[in-house]
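Peer 1: Okay, here's what each chain looks like letter by letter:
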Amino acid sequence: MFNLAFDNFNEILDMDGHGIYVWSVYSIGIAMIFLSFLIAKKRIKDIQKKIRIKNASS
Amino acid sequence: MLILGWAWGLLFAPQDAVQGNSYRIIFLHVPSVIFAQLIYFFMAVCALMHLVWRVKLAAYLIKSAAPIGAMITFIGLLSGSIWGILTWGTWWQWDARITSTLILFIMYLGILTLHGSFSNLEKADRLMSILVVIGLVNIPIIKKSVDWWSTLHQPASISVSGGSSIDPSMLYPLLFSVIGLGFTLISLGILSSRSYIFTREKNKKWVSEYV
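So the protein lines, in turn, are chains A and B. For the first sequence, our numbering gives the first residue as 1142, with consecutive numbering after it. For the second sequence, our numbering gives the first residue as 200, with consecutive numbering after it.
Please note that a few of the clues may not be correct.
A short, non-exhaustive set of chain A residues, derived as facing chain B with CB atoms under 8 Å [stated by the list, open to error]:
| # | residue |
| --- | --- |
| 1 | Asn1149 |
| 2 | Ile1185 |
| 3 | Gln1189 |
The hints are simulated quantities; they were obtained by calculation from the structure and are not laboratory data. Every value quoted in this text rests on a predicted model; they were computed, and no experiment measured them. Cβ atoms here follow ideal geometry from the backbone N, Cα and C, with glycine treated the same way.
Working from the sequences, and respecting the hints, build out all of it.
Peer 2: Structure below.
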């Protein structure tokens, strides 16, 4: 069950011609999830900054 | 857990006898569409809580979960489409399962657009909740579409009640991918809802004290 399904790195990338499709799908999926985390973190930082500025001015 | 599931599925799981290596898209596609539906179901439960008991937090959770649901449904549709070109020879087919999933994606976008179009946020929360409950009818349609209609999409390969039709060497990495993606989306949901709660409650004393 834990034997590598490919003989070398090129085979992993190529996947018998399906690699371009498989790796593209995973790249897009990972990028979208990663970007969502970045956006969520940035929103928290922005709103915290806004609230702190408001607290300081009042 | 997600990295383990994907590494296992992409590198160690054996090739499929019919589909070759293209089937490896399953480790992203199946978890994505499972959570596309589960997130909607979670939103529907929150919508009922908001409509029946006027729980404000429930509406905040719907608003935070909808973009995540839209993103994961898009990934499910895209991965299915790319898998489709390899196995069926077509990017798109107006098949019952695919069309009902597209409707789910449009529902997510509609919910976000509806909420964004009102300046009165309490009214927006209420109407958004009503729309979420109406859209719930689509979830059993997606689930049962492959049984009710003759579709290009194959019936479910894994089942909660057992009787999965795929080999354990492919099933285990798939289960790891499902659980791993679940934890990833829960973390994302917590972050998103945290920022949205702060945004909505920014004038409240507890937020000022907490931040």
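Peer 1: A separate judgement is required for each hint: does it hold in the structure or not?
Peer 2: Structure-based check of all given hints:
1. Asn1149: violated, 12 Å
2. Ile1185: holds, 4 Å
3. Gln1189: Cβ of A:Gln1189 sits 5 Å from chain B, so the hint holds.
Checked against the numbered hints listed earlier, the structure breaks hint 1 alone; every other hint is satisfied.
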